[in-house]
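S.K.: Once you've looked at the hints, dock chain F against the given chain L.
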Amino acid sequence: MFSLPKLSSALHLSGRAAFAALLTASALTLTPAAGLAQDYTPDAVVNIGSLYEPQNLDNTGGAGQGINEAFNGNVYEGLFVLTDGGDVKPKLVESYEISDDGLSYSFTLKDGVTFHSGDPLTATDVKNSIERVTAETSSSSRKKSLSNIASIETPDDKTVVITLEKPSISLPYNLSYVWIVNDAATDISNSEDGTGPYQLQEWRRGSALALVPFDGYWGDKPTNGGVMFQYFTDATAQNNALLTGAVDIITSIQSPDALSLFVDNPDFTVSEGASTTKELLAYNDRIEPFNDAKVRSALSRAVNKEKLLQAIWGDYGTLIGSFVPPTDPWYVDLNDVNAYDPESAKALLAEAGYADGFSFTLDTPDYDPHPVVAQFLQNELAKINVDVKINIITANEWYTKIYKSHDFEATLQEHVNHRDIVFYGNPDFYWGYNNPEVTKLISGSESAKSIDEQTKMLTEANRIIAEDAASMWLYLYPQIVVSTSNVSGYPLNGLNSQFFAADIKKVD
Amino acid sequence: MSASKSILTRFSGTNATFWLGLLLVGTITLTGLLSLVWTPYDLSDMVAGRLEAPSWQHWAGSDRLGRDLFTQLMIGAQIALIVGCSAVAIGAAIGVTTGILAAFATRFLDDALAAFFDILIAFPTLLTAMLVVAASDEASLGTAILALGIGLSPIVGRITRLLTKQVLSQDYITAARVSGSSWPSIVFWHILPNILPFLGVNLALQFGLAVMAEASLSYLGLGAPPPNASWGRMLQEAQGTVYTAPWGAILPGLAIFALVIGVNLLTDGLRDRLDASRRQV
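Note that the protein sequences, when read in sequence, are chains L and F.
Using numbering that gives the first Met the number 0, read the first sequence as starting at 0 and increasing by one per residue.
Using numbering that gives the first Met the number 0, read the second sequence as starting at 0 and increasing by one per residue.
For reference, chain L alone in the conformation it holds in the complex:
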């Protein structure tokens, strides 16, 4: 599966399958009753199967989503944490104050936090960790969202003061991606020095990454004796490993057909969580005819997305009608906007001056589900005389041709990030959507005085992009985690590829 960070990237897309369960809470009840009393083995090692091996161990060094999965919250921690439920909570921060103008944040660090090497956590470590992300050489996907920082002061060992150029209500959220790394650490591409509940025991490139509990951890001890991430290049091999007991958990199932092996099987638990992964047809909104909202709306109305979702995911997955998944605070159900209606699609197309249709090239990444989705679109759009030429490209080509050079007419991609509607506020983004109203709402929402105000502005932006049919949002992936039935307590939603392992319980 494609992940931009792997290619030294700026945005974090990938194939992390994820599912918008209607209610995260209801999804949680699908997991077996977790750890009634002491019904687990405290020193059991949990084997986690994953398709995303990190390229290196540094999340500012183009390591890919795999490193977030293995290290976020496990080996490294941030000042804040994005919980599996989508809330932002303090982690290494004891308390913080925001100045009245919203430009200055003063953070007081927790006491008694030590790095795995034994050094205590200091304000200087925090300052340098943030600067590592914003540095010129960093390829972190969060670089841009932190570029608003004017200065970082460390008045004493326990206090960090961040001054912003403009108010930024998302600062705590953005800081949840900044790993706090020991300033004294060297070579963090191949080793680590974080504050998390686990430390790295061994990384065998190409196969596995082993984490063991860190004895000096400041918080609660993990409920297991360590985790081993085992990496597969192929989903079928990964499924087989779960079937034979070589792994205990698969972090995300890539197709509904693999599930038939595990559903209704008492040896396995299948859980659906909330996903943030959206499959979309992105037009190059800069060029004709896609610069016309009527054309885009027409195409959107010509495609039966319910049928597509059924074809790809069977009974799983959700339609959201926009780019915003239910775990983002600014979600609204927009399925009725530009809904499936081939007759009005034809009429709109005629109104836009394309009564006889037109043709365009759809650059299609070569991995599942994109080629199948492309053929579906080709069939559907042929019915309104729009001729789709499918051009299969590799993930690397996608990155250079489309993401970097914007040299395309339309493309397919899955976008994995939480809270990524902001891409529609950036006219220089690859799809080039440029609506001053949306840009203003999105950039303005950062200076909002309250979370409510921010939510209101972004909900409005969400509605406008849907009415504008800025892209064609096809469906939201399901997020399905499968484990053997003796394992529980794992995260279900896996927002932003995180996979917190400390609460996993296993009965040996």
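Quick caveat, the hints were computed from the structure, so don't treat them as lab data.
Given the structure is predicted, the values throughout are model-derived calculations rather than measurements.
Note that CB positions come from ideal geometry on N, CA and C, so glycine has one too.
Errors might be hidden in some of the hints.
Unchecked claim - Estimated spans, in silico, between C-beta atoms of each pair: (1) F:Y242 with L:R203: 27 to 37 Å; (2) F:L253 with L:D266: 29 to 39 Å; (3) F:P226 with L:T438: 30 to 40 Å; (4) L:T232 with F:A133: 45 to 55 Å; (5) L:N189 with F:A133: 53 to 63 Å; (6) L:S446 with F:A134: 25 to 35 Å; (7) F:P226 with L:E436: 51 to 61 Å; (8) F:V46 with L:S446: 48 to 58 Å; (9) F:A134 with L:S358: 18 to 28 Å.
M.R.: What follows is chain F alone, placed relative to chain L:
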């Protein structure tokens, strides 16, 4: 020789090989031809449900999008034959020309060309084809054919060179030269007719290779893009559903197997007949 005995020999050994090969290749060729005028459904019609099992309505079941797999198999046969024949034709055009050229050339050019063939052969055909596709702007049926043709050409070239050299060492060539025949006339009147039977057998084998390579290219997404159907892409698309809908992978796999093994059997049979007729002479 009695009639009963001749029937026995006809269906034993080499003859059985020949007839089985002919049956397989013939069936697939007829299917491919039939697909030009008739298929049960339209290739892109999403007429069935998701991953339906083979039934009277859909003889080979349906894919994830609900398209009829038998229709795809039929069109796939057509594409496999087109690609196989065209690629072999291109491979032969390039290979035979350079092969004969090498055989006729001066020692130095001959050595250079022979080394060049050897180097190209060291690259697997599929890898060469992938390089050619990668170098072209957009994958299409044409680029796939061209890529495979180029990939096959060094093999044909090397064999042509060797066969031509054998013929060139014969006395009747010396006689032709002495009597003043120009080299084009030697090529057309003496060399081509003499190397053709062996070359033909080899080209048939190359055809099998080309069919496999086309399936591989399509499997990797480098073949002819949709809406062209291809057995290789059918395999690729069925990969994720192999447990729930095994027919989606088994049938195109069988089709590739049948065509490749069929061509090989047919070639073996032909070669044996050729040898037998030579022995009789």
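S.K.: Hint compliance check: list the failing hint numbers for this structure, sorted ascending.
M.R.: Violated hints: 4, 5, 6, 7; rest satisfied.
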